[in-house]
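Join these two chains into a complex; the hints should help.
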Amino acid sequence: MTLKQVVNNVAEMPASKKAVVDIKKLSLTFQTADGPVYALSDVDLTIEEGDFVSFIGPSGCGKTTLLRVIADLEQATGGEISINGVTPHEAREKRAYGYVFQAPALLPWRSIERNVTLPLEIMEISKEERVKRAQEALKLVELNGFEKKFPWQLSGGMQQRASIARALSFDADLLLMDEPFGALDEIVRDHLNEQLLKLWARTNKTVAFVTHSIPEAVYLSSKIVVMSPRPGRIIDVIETDFPKDRTLDIRETPEFLEIAHRVREGLRAGHSNDE
Amino acid sequence: MTWTKLDKFCLVAAIAALLALIFPLAGVDGDTGKQVAFVGDIPGFAVAMALCVIAGSAFTWLGVGSVTAGMVILAIAVFGCWQAISVLYDYGVAGYAGPGFWLFIVSLWAFVWRGIDVIANFHSLDRTKQHLANFVVPVAFGVWLLFVWEVVVSGFGVPQVLLPPPSMIGERFVNSTDILAADFHQTFVKAVLSGYVMGCGSAFIVAIAVDRVPFLKRGLLPLGNMVSALPIIGVAPIMVMWFGFDWQSKAAVIVIMTFFPMLVNTVTGLNAAGKLEKDLMATYASGYWSTLFRLRLPAAMPFVFNALKINSTLALIGAIVAEFFGTPIVGMGFRISTEVGRMNIDMVWAEIALAALAGTAFYGAVAYIERKATSWHPSFRVRRH
Ligand SMILES: Nc1ncnc2c1ncn2[C@@H]1O[C@H](COP(=O)(O)OP(=O)(O)OP(=O)(O)O)[C@@H](O)[C@H]1O
Ligand SMILES: [Mg+2]
Chain A
1 MTLKQVVNNV AEMPASKKAV VDIKKLSLTF QTADGPVYAL SDVDLTIEEG
51 DFVSFIGPSG CGKTTLLRVI ADLEQATGGE ISINGVTPHE AREKRAYGYV
101 FQAPALLPWR SIERNVTLPL EIMEISKEER VKRAQEALKL VELNGFEKKF
151 PWQLSGGMQQ RASIARALSF DADLLLMDEP FGALDEIVRD HLNEQLLKLW
201 ARTNKTVAFV THSIPEAVYL SSKIVVMSPR PGRIIDVIET DFPKDRTLDI
251 RETPEFLEIA HRVREGLRAG HSNDE
Chain B
1001 MTWTKLDKFC LVAAIAALLA LIFPLAGVDG DTGKQVAFVG DIPGFAVAMA
1051 LCVIAGSAFT WLGVGSVTAG MVILAIAVFG CWQAISVLYD YGVAGYAGPG
1101 FWLFIVSLWA FVWRGIDVIA NFHSLDRTKQ HLANFVVPVA FGVWLLFVWE
1151 VVVSGFGVPQ VLLPPPSMIG ERFVNSTDIL AADFHQTFVK AVLSGYVMGC
1201 GSAFIVAIAV DRVPFLKRGL LPLGNMVSAL PIIGVAPIMV MWFGFDWQSK
1251 AAVIVIMTFF PMLVNTVTGL NAAGKLEKDL MATYASGYWS TLFRLRLPAA
1301 MPFVFNALKI NSTLALIGAI VAEFFGTPIV GMGFRISTEV GRMNIDMVWA
1351 EIALAALAGT AFYGAVAYIE RKATSWHPSF RVRRH
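Heads up: the protein sequence lines correspond to chains A and B, in order.
Using my numbering, the first residue of the first sequence is number 1, and each one after it goes up by one.
Using my numbering, the first residue of the second sequence is number 1001, and each one after it goes up by one.
Since the hints were made in silico from the structure, they are not lab data.
All values reported here derive from a predicted model rather than from experimental measurement.
One or more of the hints may lead you astray.
Some, not all, of what chain B presents toward chain A, calculated at C-beta under 10 Å [to be verified]:
1) A1272
2) L1276
3) A1282
4) S1286
5) S1290
6) A1299
Some chain B residues judged to face chain A by a derived CB distance under 8 Å, without partners named [stated by the list, open to error]:
7) G1065
8) E1277
9) D1279
10) L1280
11) T1283
12) Y1284
13) A1285
14) R1294
15) L1295
16) W1376
The list that follows gives simulated cross-link-like pairs (lysine-lysine, DSS-like), each with its CA atoms no further than 25 Å apart [as the list claims (entries may be wrong)]:
17) B/K1372 with A/K149
18) A/K24 with A/K223
19) A/K127 with B/K1278
20) A/K148 with B/K1372
Glycine included, every Cβ here is placed at the ideal spot set by N, Cα and C.
Just chain B, same shape as in the assembly (with noise of 0.2 Å):
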């Protein structure tokens, strides 16, 4: 066999799973002058290093040729890496990680970067695998990143204040689901939602009028790129000056956010339907309105639900900086201000990853109605092919 024929990646975890037997687990406690851990007093550890070494060079040879085999290497790396995270935190390693623990993570990287490569280029007819197959990449590479941050930040000791590890930010989260309940429904449901739909609603409306007046739509579109310039950060507090502290002010800055993408890209859209396609509706005597709705919207559709998508990542933004600016004492906003100040930076976080989670589901709904909607359209349409 030749070189060329070996599985590098599986190569790359074998040595380092050896060299990680070699090279000292843990560094040397300040205090004692010991070291703080050794692999022979671990034997679950031990056990997935040897697992890897053999793994490893085994499938050197095999190659990793079907998901079977991506599996089992996936299976070994979710070992490995339940096995690291026990030398952390039951063994005292946390802080203490010498250059044999980052041999194994090594090790486990090119296990799961193999077996995360393999899974994501299985094509398959059968739907429900296929689907599957493409569920199980994004979430083995998520949970993947998720544990890398948790062992890094814990294996160096890093403060929490810099960073706390995902574990803490997780714990925070599922012990404070009242507060970011309340937050959730303050910031998002009273707030992102209206003022959505309102900015979305309103510019969808001024568009089609705009579209009528050649004079507003010459003139209309450059003030329009003007005020979308605008900082939040300086709008912001007028608008609590103007609408209060409650979510009414963080809704109006959400329509000046959000009106002018969905204009300028509805009026772009307006202007999409070909001259063939308008030539055809005239031959039919169709009038203004019959080609609006016929012809003119759905032919728009893209424009505006490309329009939607942003405004969706936008409105949460400008809810939450908008919230730094005064509001009632609950909010998403408003927590992260104050519990940055607290320092406490674990609800922070959990905070953090609330909105990551309300704005991926928003941009995600969005996203999928688009898919219904605009099925026609040939970016989704080559798919089925």
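Extracted from the complex, chain A is given alone in its bound form (with noise of 0.2 Å):
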């Protein structure tokens, strides 16, 4: 190593190297009444600032579980979990988070723009401060002119992307995105993977992300987690190196297959385990 690769880690140690979300042998048992279900067992992950990790696995694999545990929506009955140094409770009251649910749970009683300002309300943000931010946000999911219009007046993939804009409104340290794209045509959906990436590049955000879809998951990330089911594991982490500026080019290129290929090796490997 010489000492100019040195002092480069060292300078670009802070920058990179802050952990968001820090996770030591987390497990989540549930109790119901079939008797326990081990929806999370021995989970070791680190999230650092700027990452983009996709969460992969079969369904019931602890995926939704996990994001909630990070969000504090369920409580780890093992292990431990801190985020950006504190306890997700705290993270929580101090509004690190934007979670954006499955479904694009938009309040129909509001417009789109008050939707996407419900959280800046809620952080008694003032009104100017409110629109100009919920315009800024629409305008990232290009959803710009759509500001009066209510949810059922928008098709489901604009729908989603208003929710997003809602996640964006307020400068979250932690994205959390449970298969925000599911329910969507694969066109719609290289276009909002598109737009996401692009966001993620301007705005260094960083990104918790789950998804069912392996070319998905290679093309976001910057970090892909394998899960496994019962109990819910991880039984591979990858790094990508691909630029943040990546296009959807890059999934023709060999690196490309190559990764997706070793993820869908890990699910084969989790799914032989198993039975």
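Structure representation (structure tokens):
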């Protein structure tokens, strides 16, 4: 290692190595009437600032549960988790999360603009500031011009974009997205993926993203977490080094296919363990 | 043209009108032994019948395809109704109506049915036209019912004590507006409105409190069902003893009647917000009150309005019945009970009409506010597409 490289590494240290999410030996067991459900077991994971982490795994492997634990919507039954050095609960009180659920979850009695300003209202931000930030957030998801519409007047994809704008409207440390494009068709999905990437490149946000699609995971992420079910655990963590301004074309590169192959292998291994 | 293509309602109208010309118009007067009236002596009526025969046969062939045709039919029916009323009152047929007269009414019925049917099926993108059609249908139907009531009561000579004709009730209504206004003021403005506001308002606030205390939620609701099953007949005299003869005791009865529907609905409504939405609010670290006002109360509004609508009818009934058990000498319930005693049935009916008008207007006002306040709700918004 040359001196120059060492200096470079040291210089990069504070910027790239700050852990936003730090999970150690985390487990979660749901007590149900039919006995315990081991949703997560022995999960170790670090998400660093500026990371785009995808979670991929078969249905029921605990992806949603993991995201909910991070967001303090579910309590872990074992292990440790810290967000920016504090507990998830404290992080939630500090409004560290922008959560995009699988369904848009827009409030039907509010216009799109007022849906986007909802978190800002709760955070008691002034009216002009709210409107300004809503405008910016809606522009990011290409929904400007739809401010005064109501959710049911928008298509499913537009509603999901509005819910993303809502999560972007305040400066959350961590964007949690649970299969946000799961219900959309391939073309809309590609388009939204591109937009999401651009947004990530521009804002340098930290993103945790759940998906069922291998290409989507490889295309978007800087880190792919492959999970297996019963009990839900991490079986592989794959780092990718595509540039942040990647385009859809990278999906034809050998590098891309290689990573996709590794993800698929991981998923398959998880399945055979299961039987 | 095949049989199925014929317009059957118009066919019925034509045949009934034709038969009406053949059968005697009126019965025989017991004193004179003569028929009371003949079609030949009443040109207007004869013209109306002939029109029905001609238009009936014409439209049987042509069909009633357009709104214009429906309007023509209704216009003929209106003329026929006017002539029928005139025959009853100007030519002394009232009480002596014969088969010819009733057949003519059957003919009119077929016309009105067909005409309203055509207009009811009218769909237009032009909003004013559509609104007009939506308005004409219930009005035409209501007017027709009043006409049938009038004709049946006076045609058969039903005693007024049993059922006065609407014209008599209307006359009574117009001639006693000052009494009616005083009764309305006493019963509706004083008792109903204040009882309604107090009952619904307090139940709303209690519901929010109950919602925070789990054991109240479990314990109070069964109790609530019991209280709402209490007969007002039993409660009203007690309230009169407690709160005196004036409107306060009626308001108290209304509070008892309206409290639990509102409480139960609001508590249910407060739990109507979805889990996803609640989680969303949690991720923003939204406090109890913030979530209440931004999520749970708006989500509860359809339930709250449901209770408000139920209560708007309950309140009026409660006030009127409660007045039977003691009241100052004014009020709708008081008037009904005393005028029944004096056999002034037309006045009773005028009060009933007033109660119906007030109740409908009250309900309509609440429903209108509901529409404005919860226009986002699927049950309203689907109509816009
Ligand atoms: N509240 C709960 N109570 C009991 N069991 C639960 C609860 N939530 C989730 N589970 C169970 O935990 C496991 C993981 O669920 P989770 O929703 O995290 O899966 P997932 O990976 O998000 O699946 P999908 O891809 O279908 O969304 C499942 O077996 C599920 O049945
Ligand atoms: Mg899930």
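Cross-check of the supplied hints:
no.	hint	result
1	A1272	12 Å, violated
2	L1276	5 Å, holds
3	A1282	6 Å, holds
4	S1286	5 Å, holds
5	S1290	5 Å, holds
6	A1299	8 Å, holds
7	G1065	36 Å, violated
8	E1277	6 Å, holds
9	D1279	5 Å, holds
10	L1280	5 Å, holds
11	T1283	4 Å, holds
12	Y1284	5 Å, holds
13	A1285	5 Å, holds
14	R1294	7 Å, holds
15	L1295	7 Å, holds
16	W1376	4 Å, holds
17	B/K1372 with A/K149	16 Å, holds
18	A/K24 with A/K223	18 Å, holds
19	A/K127 with B/K1278	24 Å, holds
20	A/K148 with B/K1372	17 Å, holds
Checked against the numbered hints given earlier, the structure breaks hints 1 and 7 and satisfies all the rest.
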